[in-house]
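Produce the entire structure from the sequences given, and follow the hints as far as they go.
Taken in sequence, the protein lines are chains C and B.
With my numbering, letter number 236 in the first sequence gets 236, and the count goes up by one each step, no holes.
Numbers in my numbering are just positions in the second sequence, counted from 1, shifted up by 480.
Rather than coming from a laboratory, the hints here were simulated on the basis of the structure.
We treat Cβ as the ideally placed atom computed from N, Cα and C, and that holds for glycine.
Just to be clear, a hint being listed does not mean it is correct.
Beta-carbon label-pair distances, calculated as ranges [what the hints assert, rightly or not]:
hint	chain 1	residue 1	chain 2	residue 2	range
1	C	271	B	551	16 to 24 Å
2	B	651	C	376	19 to 27 Å
3	C	57	B	588	51 to 59 Å
4	B	587	C	444	29 to 37 Å
5	B	639	C	176	52 to 60 Å
6	C	162	B	498	40 to 48 Å
7	B	498	C	109	58 to 66 Å
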Amino acid sequence: MIHPANLEALTSTDLRGTAPMICVTAGIVLALLAEIAPALRPARGLAFVGSLLAAIAFELRLVADPAGEVFHGAFAASSRSATWGVLFCCAALIAWTYGRRYYKEEAGHVAEHDLLMLCSTLGMMLMAGSRDLITFFVGLELLSVPLYSLAAFRRVRATSVEAGLRYFVLGAFAAGLFLYGSALVYAATGTVSLAGLHDASLGSPLALVGAALIAASLFFKVSVFPFHFWVPDVYQGSPTPVTTFMATGTKAAGFAFLLEVAFVMPPSSAGLIAAIAVVTMALGNLGALVQSDLKRLFAYSAVAHAGTLLLVVAASLAGDPRAAGPVDAALYYMAAYVFTAGGAFGLVALLEADGERFTKLESLRGLGRRRPGISAALSLFMLSLGGFPATGGFLGKYFVFSSTLRADLVWASVIGVLLSVVALGYYLRVILTLWMLPEPEGERAPEVRRLSATLVTGVCAAMVLWLGLFPGWFLERFLN
Amino acid sequence: MILTWLTFLPLVGALALLFTPAGSEKLQRLIALLTTSVVAGLGVVLFVGFDGASADMQQVTSHAWFSLPAKSGTIEVAYRLGVDGISILLVTLTTVLMPLVVLSAQKHIDKRVKEFLFWLLLMETGMLGVFLALDMVLFYVFWELSLIPLYFILGIWGGERRLYATMKFFLYTVAGSLLMMLGVIWLTWQTGEADVRALLNGVGDLDPSTQLWIFLSFAIGFAIKVPVMPFHTWLADAHTEAPTSGSVILAGVLLKMGTYGLLRFGVGMFPAAALEMAPLFMGLGALGIVYGAFLAMAQNDIKRLVACSSVSHLGFVVMGLFALTQAGLRGSVIQMVNHGLSTGLLFLLVGMIYERRHTRDFEQYGGIASVMPVFALFFVLSMLASVGLPGLNGFVGEYLILLGTFEASPLWACVGVAGVIFGAVYLLMCTRKLLFGAVTVEANKGLRDLDAREVGIMVPLVLLCLWIGVRPNQFLDKTAGSIDALVTRIDAARETRTGALELHLPQAPAAPAEAQR
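Written out as structure tokens, the structure is:
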């Protein structure tokens, strides 16, 4: 705990450790200033991209040379949290780029959109590096509150408003659960810092209930059974760029902390967590099978992926919770997922900007002939989501199942693997629609072309292949 | 180095295709033909230079790829390619078959030619990679990679029920290969080794029940691919709906990936577990022979008949493999090639007649021999090769397999012999219905015979069938060193066999986390 007597001036380590967050904050300030000073408006996009790129640069330095605990142990700029930070910034950049010209009626409010997205990113960075429950909660709210408004950003559309409201009500409930859980844990152990909790005895019923409440609130954030029911509606109703951000960034942030804090749960709960993971995968994959709307299909697939990642949490509980293996697996999986799902959702956003019916799978029949670029990229992302070799998704899946097998969760691995066969059923259906079905007659195919989207799609596809073919690069640079 | 060229030259060709302008089909076909021909040339050079007496991997290339933590130490996953007596024949077969497949696609692939050739070339990279990979992870990557091209080939250029067939084929095989992935993970984690060469000599330290579990996870994946009997239902649909070129590749090479896997990673890596499971697999193989033959007898569709005959012929290969005797293994290896040649030929011929008449129903044929004598000649030759007439290739393989199986289990050998007879029955029946008798259908009277291109595709394959039939030792000798070494390992495992190999469920972990707390 921070004691007033310890409050001294900022040290240079504090500054170095929080430099990425300072960059993002600077971006937020610039975005606000641009609203007041019209002369600055043309530079708004530059401020957004610039601040995030600067943050990535600082994070990369921290990966190589971590600053360790800063602000009296409230926040840790470890190479792990810095890696998560890079992923959050990438997720924001991807979502933002695909979101350009997406908004029609709301075009006048794009500044708010950028601002909220930066706030959310800042919240994620704070969550991933937080070393006590209070710092984490601040990060969580900084992430969530802007996202509630972002989900409702297309305020002329009832579905968007409904998505925002739904997300808000359930999110507020989850936040309450978290606070209540932390209070109970504090009552049982007398500390809220993770280091303190490591040394404390967590066996008392009070601490157990607290841990369960904390886990439940995080399960909500990462959309895991039985707290995943909001996902399809919110993902479908929200503006697609926001969905992109939610699916990649929020999930990564939730898992980043979930893995840090997993040790508050007793090791004997590993089996239960694995069972929840498997049920989540089953519900997500079976739900996705029957969807005809791409956004909804990807929403269910996002639930399934959350289930897969939860297997890592179970593995980390069953083995030594502080061992690096499972966390590394999760990081690799999420790294691949940010670019894969980012690209997949993003392409939907791009198509949707051309007409709302283009989120229907049906309307993309035979698109492969007319728009080979988009179709090839989307197919690549589908293969990566399905975990096919030569894509990052494959190695992510490989590492995840390695960690569960090592933790002797053989049954969960086998069921999980078989469920990913089900998943291929719908990923292949997308590919099949794009390439193997005849084009619809008399209907307009999406015509949209945008340089920024082409670029970011190219980057995502390249990253997916790079992570699949040259994993050594990521493993050595980020996970050693 | 030659192996890297062999594997990735088709990929280069495929990428080159992407840069050709739309509508330049002649150029695209030329690029594909040139690429596959050069690869075939390399394949032949490799074959000629291969030292069959040695049991070692030859032409090994190795580059570090990435490393993973293992139970103790790290797993060095690397890009490792190499060829030995078990893979050399299949590699050469693949390379030689591909230019012929490209040629055969001249007529029946008339839409989206560029895409088709792209997938064809990509598939060649995948298939050669499977046969050449000497690293567990690399092998798995190529294994899965070879699925995608066939998925597209079946799904875009297939017959009426193609979407159903592709989905079935894909999900079936993926289910098997994902279980195999768990086996790969577990094996590499336990041994700390991803190098196939080391694993072929070094898994003896694993405890027997672990060996058996890993063996089973591999065997199921491969058995689905072969397909061994209870898993065979995807094959008939996939074959029937595939375009001719797809069927030829499927029968010629892709199914061999399953038998190759069983041989290399099942029997080769886990001889002790293979000994335990041998009666089961030998039985499944033998039953597959008979069951496939019965299925084939019941078909009215020529292509489906050939597809079912594949189930029967591959039953022989599996039975021979799990006889675990020298003759059985040699027979299996050569029979893999034989089946590729003779079934490939039959699919090509069925495709040629289908292009002319657009039906595969026996009712619509009869008396074709009088209209298309050259076609009839090739059909009879291929059919006899498939039946196993002495002097042609099929005889050598089947004879060796039956000999080897008889040593291990006279019962299954007898069942296998019955299969040979049934095989003769359905293939001769098929020939009679198709070729002989009077021409009853008016449309058949004006059929033109095979042209030079079609004959050109057939001739090399028929010559190979004859060559293997007359001088089998030139091919068998290439495999001798590796197979002898394998037999030595199997015999060693047989001697140390305690009979106590059982399936144990993994023990629950002793809660290490609790202990540390």
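Hints numbered earlier in the text: which of these fail when held up against the supplied structure? Checked against the structure, the only hint that fails is number 7, while the rest are satisfied.
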